[in-house]
Amino acid sequence: MSINEMLKDKRILCLCEGAAEYDIMNLLLENELLIINKEDLYDEKLHYRKRVRDIEDQFLGYSHQKELIILRVIDSKNEQFNLKKAYANRYRVINIITNPEIEILIIIDKADLDEFNKTKSTKKASEFCKEKYKLRKIKKSGTMREYFNDVRKLTAALKRHKSNYGKDIYTIYDLLQRT
Numbered sequence: 083m084s085i086n087e088m089l090k091d092k093r094i095l096c097l098c099e100g101a102a103e104y105d106i107m108n109l110l111l112e113n114e115l116l117i118i119n120k121e122d123l124y125d126e127k128l129h130y131r132k133r134v135r136d137i138e139d140q141f142l143g144y145s146h147q148k149e150l151i152i153l154r155v156i157d158s159k160n161e162q163f164n165l166k167k168a169y170a171n172r173y174r175v176i177n178i179i180t181n182p183e184i185e186i187l188i189i190i191d192k193a194d195l196d197e198f199n200k201t202k203s204t205k206k207a208s209e210f211c212k213e214k215y216k217l218r219k220i221k222k223s224g225t226m227r228e229y230f231n232d233v234r235k236l237t238a239a240l241k242r243h244k245s246n247y248g249k250d251i252y253t254i255y256d257l258l259q260r261t
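Residue numbers (the working numbering): 83 to 261.
These are calculated hints, taken from the structure and not from any lab test. Any given hint could turn out to be false.
Heads up, simulated BS3-like pairs for lysine-lysine below, C-alpha to C-alpha not over 30 Å straight-line [claimed, not checked]:
(1) Lys202 <-> Lys235
(2) Lys202 <-> Lys167
(3) Lys200 <-> Lys127
(4) Lys120 <-> Lys205
(5) Lys222 <-> Lys241
(6) Lys166 <-> Lys192
(7) Lys148 <-> Lys90
(8) Lys159 <-> Lys249
(9) Lys90 <-> Lys235
(10) Lys241 <-> Lys216
(11) Lys192 <-> Lys148
(12) Lys192 <-> Lys244
(13) Lys202 <-> Lys90
(14) Lys92 <-> Lys127
(15) Lys159 <-> Lys216
(16) Lys241 <-> Lys202
(17) Lys159 <-> Lys202
(18) Lys235 <-> Lys127
(19) Lys222 <-> Lys167
(20) Lys214 <-> Lys241
(21) Lys127 <-> Lys166
(22) Lys167 <-> Lys219
(23) Lys222 <-> Lys212
(24) Lys166 <-> Lys212
(25) Lys167 <-> Lys90
(26) Lys92 <-> Lys166
(27) Lys219 <-> Lys241
(28) Lys192 <-> Lys206
(29) Lys120 <-> Lys214
(30) Lys132 <-> Lys200
(31) Lys206 <-> Lys167
(32) Lys90 <-> Lys120
(33) Lys249 <-> Lys216
(34) Lys235 <-> Lys148
It should be emphasised that the depicted structure is a prediction, and the values quoted were computed from it without experimental measurement.
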């Protein structure tokens, strides 16, 4: 089943790891580039990542008119997300991976991926961006939005990022509409 089919006609609780992921997802939503829209989202907005127990208390203990899907935009392929038994079989969790960090999209856009790959064992993508491009506030809200004000650059970087992963790992690129 495709991710498009999994999300069709569902209520989506989209949890973004940090400000950069939140900015990217909001930018794509606002430009109507995603297979989901604001009306599909829980409370019609994106949410920041929270502890599992907080999510259960705040969102899952209620009946929903539509099936609720938890969509997590995170950088780690191995991060655990264990719902209580009462919720584990009731809610599907889909991970959208931005590994190694969402800031890799800037490095891809700048065509510096080879240079970064030589240093990635000692440097995170965000640190590389701070040093190489003088983006001191890379983790702050608004930085990714400002950098990717041309969404064509963003979608091109997302496509290139996806090329590093197989079909079994979802990335933000998988959430883009295909025209």
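Within 30 Å, alpha carbon to alpha carbon, are Lys202 and Lys167? violated, 38 Å
Just to be careful, I want the Cα atoms of Lys159 and Lys249 compared with a cutoff of 30 Å; is the pair within it? OK: Lys159 and Lys249 at ~14 Å, within 30 Å.
Given the hinted pair Lys127 and Lys166, is their alpha-carbon gap at most 30 Å? holds, 25 Å
Would you check the hint for Lys241 and Lys216, treating anything up to 30 Å between C-alpha atoms as holding? holds, 25 Å
Is the straight-line distance between the alpha-carbon of Lys159 and that of Lys202 30 Å or less? holds, 17 Å
Lys202 and Lys235 were given as a pair; does the straight-line alpha-carbon distance stay at or below 30 Å? holds, 23 Å
Holds or violated: Lys192 to Lys244, with C-alpha atoms at most 30 Å apart: holds, 16 Å
Below or equal to 30 Å on CA atoms is what counts here, so check Lys235 against Lys127. Distance of about 24 Å is within 30 Å: holds.
For a C-alpha distance cap of 30 Å, please report whether Lys166 and Lys192 respect it. violated, 43 Å
Is Lys120 within 30 Å of Lys214, Cα to Cα? Violated - the C-alpha atoms of Lys214 and Lys120 are around 35 Å apart, more than 30 Å.
Straight-line alpha-carbon gap Lys222 to Lys167, limit 30 Å: violated, 36 Å
Between the alpha carbons of Lys206 and Lys167, is the straight-line distance 30 Å or under? violated, 36 Å
Hints 2, 3, 4, 6, 11, 13, 19, 22, 24, 29, 30, 31, 33 and 34, counting from the list given before, are not met by this structure.
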